[in-house]
Amino acid sequence: MDLLIFKAPILIVQASLDGILLGLLFALIAYGMALQWGVMNIINIAQGELVILGGYIAYTMYQLGIHPAFGIFVAPAIMYFLGWGLYKLVIYRVVDRDLFISILATFGISILTQQLMNFVFGADVVVAQSNFGTTLLFDDSVTIPNSKLFSAVISVVAAIAIILYMKKSKLGRAIRATAQNARAAKILGVDTEKVYAATFGLNAAICGIAGSLIAITFTLHPYVGLPYTIRSFMIVIIAGLGNLPGVALSGMGLGIFEEFADYILGTEFRIGAVFLLLVFILVYRRFKLSRKREYLE
Amino acid sequence: MVAILELNQVYKSFGGIKANQNISLEVEQGSIVGLIGPNGSGKTTLFNSIVGTHPIDSGSIKFNDKEVSELPVPVIAKLGLLRTFQQTRVYGKLNCIDNMVVSHKPTKDGLFSVFSVMPPELTEKAEKLLEFVGLYRKRKLLAGDLSFGQQKLLEMAMALMNEPKMLLLDEPTAGINPTLINGIIDRLIRVNGEFGITLLVIEHNMRVVMGLAQRIFCLAHGEMLAEGSPENIRDDQRVIDAYLGVQ
Amino acid sequence: MNRQTILIIVLGIIGILLPFIFPAYKLQISFLWILIVLALTWDIQGGQMGYNTFGNILFFGIGMYLCASIQVGMFFPLSEWTASGGEKTFVHEPDQFFQGFFVGILAAGLVPAIIAALIGYGILGLRGHYFAICTLGLGIAAGEIAGGIELIGAGQGMTVPPWPKGIGDTELRAEFFYFLSFILMVITFLFLKWAYQTRFGLILNAIRDNEDKAEAMGIPTMRYKIIGWVITAFFVGIAGGLMGNMVGYIEPVEVAFAGATLGVFMILMTILGGKGTLWGPVIGATVFHLFKEGFWTYFLGWQYVALGLLIVVIVVFFPEGLMGWIREKYPEKFGETVDEEDQKSSVEL
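Protein chains in written order, with the working numbering: chain A, 1 to 297; chain B, 1 to 247; chain C, 1 to 349.
To be clear, the hints were calculated from the coordinates, so they are not data collected in a lab.
Careful: at least some of the hints might be erroneous.
[What the hints assert, rightly or not] Cut-off 25 Å, straight-line C-alpha distance, at most; resulting in silico cross-link-like pairs (SDA-like, lysine to any residue): (1) A:LYS292 / B:ARG139; (2) B:LYS93 / C:THR221; (3) A:LYS292 / B:ILE181; (4) A:LYS292 / A:ILE281; (5) A:LYS194 / A:MET166; (6) B:LYS140 / C:GLN197; (7) B:LYS93 / C:VAL316; (8) B:LYS125 / C:ASP342; (9) C:LYS333 / B:ARG137; (10) C:LYS193 / B:PHE14; (11) B:LYS78 / A:ILE187; (12) C:LYS333 / B:PRO119; (13) B:LYS66 / A:ARG291; (14) C:LYS292 / C:TYR330; (15) B:LYS165 / B:SER60; (16) C:LYS193 / B:THR123; (17) A:LYS292 / C:ILE119; (18) C:LYS292 / A:PHE119; (19) B:LYS66 / C:VAL316; (20) B:LYS66 / A:SER290; (21) B:LYS93 / C:ILE119; (22) A:LYS170 / A:GLY189; (23) B:LYS128 / B:ARG139; (24) B:LYS128 / B:ILE181; (25) A:LYS88 / A:ILE187; (26) A:LYS292 / B:MET118; (27) A:LYS288 / B:VAL75; (28) B:LYS108 / C:ILE226; (29) B:LYS18 / B:ARG238.
Bear in mind the structure is a predicted one, so any value in this text is a computation, not a measurement.
With the sequences and hints as input, model every part of the structure.
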């Protein structure tokens with residue numbers, strides 16, 4: 001009991017810090033999901049698989065003797081073209097269709113990607129060592145791996161860079177115009193087809209960055225993608241589609257929740273807790289809206 | 001006079017927009033009442049408030065002396081207060097007969113009536129009502145394949161199938177072939193007379209509303225601007241100003 | 001007797017004779033009946049009502065675990081059973097086996113139905129993709145949580161009581177489960193065939209086409225949505241209980257709450273056959289199962305790649321399914337032919 005009282009504050013600090021750093025990474029992935037959701041009206045279940053695939057790119061570099069941190073440049077470049085290709089192959093056929101069709105089609109892509117990753121990279125859990133060392137706080141009682149700090153900083157920098165790109169560049173403006181009103185943008189000469197492909201590519205690139213950060217901070221495994229999809233979905237529905245500070249905040253909130261769930265319930269229930277939280281949030285929102293006689297749609 | 005619908009100081013706003021302010025009105029049982037007003041004056045919002053689509057901010061709405069402003073949509077509809085939509089809403093993948101049959105209000109609506117078999121009399125009744133609105137030959141078509149105007153007529157027939165006490169019609173003649181408008185006025189008068197259904201009609205077509213309504217309410221900027229007989233409303237300077245935009 | 005009734009009777013007789021014609025495939029065909037039940041019940045939400053759910057696997061898994069736990073727990077301590085690898089330490093007498101099985105199957109139907117009724121009000125108030133994602137979360141959360149509970153074997157899973165010794169051989173066991181799953185399928189089919197002809201079916205379709213309109217017409221839509229889900233949960237739960245016994249071994253993520261396989265199969269089969277039709281799920285499940293069993297072994301480890309491709313191809317190129325295709329070709333078979341003149345006639349008042 002004494003031990004618990006002594007250790008509890010440290011655990012809280014540790015869990016909160018871990019959660020915040022992790023949450024910023026979640027927020028980056030969620031931003032990608034919000035982007036394609038807002039612009040193309042697509043919910044991409046394969047989002048998590050794109051992230052993991054990005055991670056495997058960094059891991060491959062690590063195996064070739066290149067520092068995996070450089071993955072944050074290489075992975076997005078490769079993933080951008082992959083996303084573009086995926087759009088041209090499949091996604092463009094589901095853009096204007098029923099949302100469930102896009103959910104199911106990307107679910108298929110997700111299963112497909114998992115399996116292909118399983119063949120290429122094997123079913124083992126892998127890590128790309130960054131050798132960044134750790135930072136110790138409060139008399140060495142709180143440990144923060146530097147790789148996590150690195151990943152949080154890069155997440156923020158990447159998000160800011162993308163936001164600036166969306167504001168300043170011609171393509172960025174076309175994307176935002178399409179998001180607001182695709183038909184009007186089309187009439188005004190925006191090539192929406194190209195915008196969609198670029199958006200999907202951009203999202204894949206974001207996943208590439210996030211994936212290489214995951215490769216050095218956490219572990220990779222072909223089948224751990226879906227939780228990342230669900231996390232992003234959750235962050236987006238809490239924050240809304242166009243609300244960036246909200247995305248960052250709910251990302252950090254989710255990160256903290258997960259770390260605490262991990263400590264309190266045990267690691268075996270961590271993912272279960274994430275999925276249950278999703279259900280609770282949706283049902284809570286539904287009851288809140290139903291008092292106004294509205295519903296989530 | 002017996003009021004079937006009674007609104008008292010109803011307020012409704014969306015964010016900063018005051019859609020309805022201090023609306024009070026009474027609709028006499030068995031009458032036909034018109035609701036007019038320029039675009040954006042809050043007519044459809046008022047309809048939505050009455051049938052419970054959204055809660056009102058304050059005020060009271062009484063239907064048959066029963067407060068309904070706190071009740072959800074299906075419950076209000078079951079009390080016998082129905083509405084049709086400005087943009088038609090029908091069950092697109094069902095044929096017209098099924099659209100009608102499913103609109104019938106079962107006398108007993110308990111848990112056991114969920115699996116009740118639809119009696120063949122309902123189909124006969126549906127066919128009669130479709131004949132009444134001129135859609136008999138279309139009865140086997142999918143409702144989604146009908147034209148906009150035909151869907152409006154179908155919606156009206158579906159509402160009649162439900163045997164309401166009062167019917168709120170949101171622009172019944174908008175988008176309908178002009179040659180049919182006289183027919184619709186005639187049908188609405190018969191609905192009122194033969195079926196005994198009180199009507200509250202939003203209508204932009206002045207010829208229709210003047211020929212139909214015994215009493216007219218006029219909204220402007222979310223507030224009640226004027227009320228009275230068609231003649232009074234027609235001559236009311238405030239109403240004319242509101243429509244023409246003169247301050 | 002109309003043609004459909006004759007068809008159903010003929011198929012029923014074939015179903016009874018099948019295990020004697022193809023004795024080697026009894027178990028395979030039993031799985032087909034289970035798949036048809038899953039597809040038929042998925043179609044209540046996904047096809048007839050327009051609520052695309054990923055969560056029916058929840059009831060399947062609960063039914064499976066519950067049935068097995070009761071079968072064991074009625075006679076032996078469950079925690080020792082799972083810890084010791086089950087049947088090696090404890091042996092069910094024939095009486096015990098059948099008593100446990102009977103109670104277990106009953107609970108596997110009733111408990112999921114009750115759960116569906118309890119959570120239905122919250123979950124079914126969501127619409128569109130929010131409903132889809134929420135049910136997806138529900139199914140996966142259940143699998144993850146089951147994988148953490150020691151009592152039912154956690155991630156390692158648990159065994160189901162094996163067929164008792166002394167009453168017939170494995171052939172009898174296979175026939176026993178064959179006919180149970182066949183009966184379950186027939187009851188599900190006939191029940192839905194009847195239910196879709198009542199007010200229930202018509203209102204589900206109304207909800208699918210325009211839920212707001214249905215509410216505005218005074219239909220208590222929530223009641224119908226919950227009843228539909230309860231029916232689904234009941235049949236899916238029993239299917240889960242049966243499946244657990246047929247497989248003999250329960251594992252949380254791959255067997256019980258198998259969202260990535262069975263959970264998607266039931267959607268895929270229904271879409272393949274044709275959503276919103278009575279025969280669509282039956283045809284879809286049969287075609288899918290034949291295809292899967294016939295070709296699965298040739299893919300040698302590439303099964304799931306093929307599955308992913310199959311999903312994409314079916315939903316992107318074939319969303320109306322086989323029945324939709326037949327309907328388009330032969331609309332008169334669906335009572336949809338409309339007199340040309342009626343179609344063109346103008347409305348007169």
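Results for each hint:
1. A:LYS292 / B:ARG139: Distance of about 37 Å is beyond 25 Å: violated.
2. B:LYS93 / C:THR221: Answer holds: B:LYS93 to C:THR221 is near 18 Å, not above 25 Å.
3. A:LYS292 / B:ILE181: 37 Å, violated
4. A:LYS292 / A:ILE281: Holds, at roughly 17 Å.
5. A:LYS194 / A:MET166: The hint holds at about 15 Å.
6. B:LYS140 / C:GLN197: 17 Å, holds
7. B:LYS93 / C:VAL316: 21 Å, holds
8. B:LYS125 / C:ASP342: The hint holds at about 20 Å.
9. C:LYS333 / B:ARG137: Measuring from Cα to Cα gives roughly 21 Å; hence the hint holds.
10. C:LYS193 / B:PHE14: 46 Å, violated
11. B:LYS78 / A:ILE187: 46 Å, violated
12. C:LYS333 / B:PRO119: 24 Å, holds
13. B:LYS66 / A:ARG291: Satisfied, since the Cα-Cα distance of roughly 21 Å is no more than 25 Å.
14. C:LYS292 / C:TYR330: 28 Å, violated
15. B:LYS165 / B:SER60: Cα-Cα ~19 Å, so holds.
16. C:LYS193 / B:THR123: 20 Å, holds
17. A:LYS292 / C:ILE119: 21 Å, holds
18. C:LYS292 / A:PHE119: This hinted pair holds, its Cα atoms lying about 21 Å apart.
19. B:LYS66 / C:VAL316: 52 Å, violated
20. B:LYS66 / A:SER290: 23 Å, holds
21. B:LYS93 / C:ILE119: 29 Å, violated
22. A:LYS170 / A:GLY189: Holds, at about 13 Å.
23. B:LYS128 / B:ARG139: Judged against 25 Å, a Cα distance of about 11 Å means the pair holds.
24. B:LYS128 / B:ILE181: 20 Å, holds
25. A:LYS88 / A:ILE187: 22 Å, holds
26. A:LYS292 / B:MET118: Violated - the C-alpha atoms of B:MET118 and A:LYS292 are around 34 Å apart, more than 25 Å.
27. A:LYS288 / B:VAL75: Satisfied, since the Cα-Cα distance of roughly 20 Å is no more than 25 Å.
28. B:LYS108 / C:ILE226: Between B:LYS108 and C:ILE226 the Cα gap is close to 19 Å, so the pair holds against 25 Å.
29. B:LYS18 / B:ARG238: 20 Å, holds
In terms of the numbered hints stated before, the structure departs from hints 1, 3, 10, 11, 14, 19, 21, 26, listed from lowest to highest.
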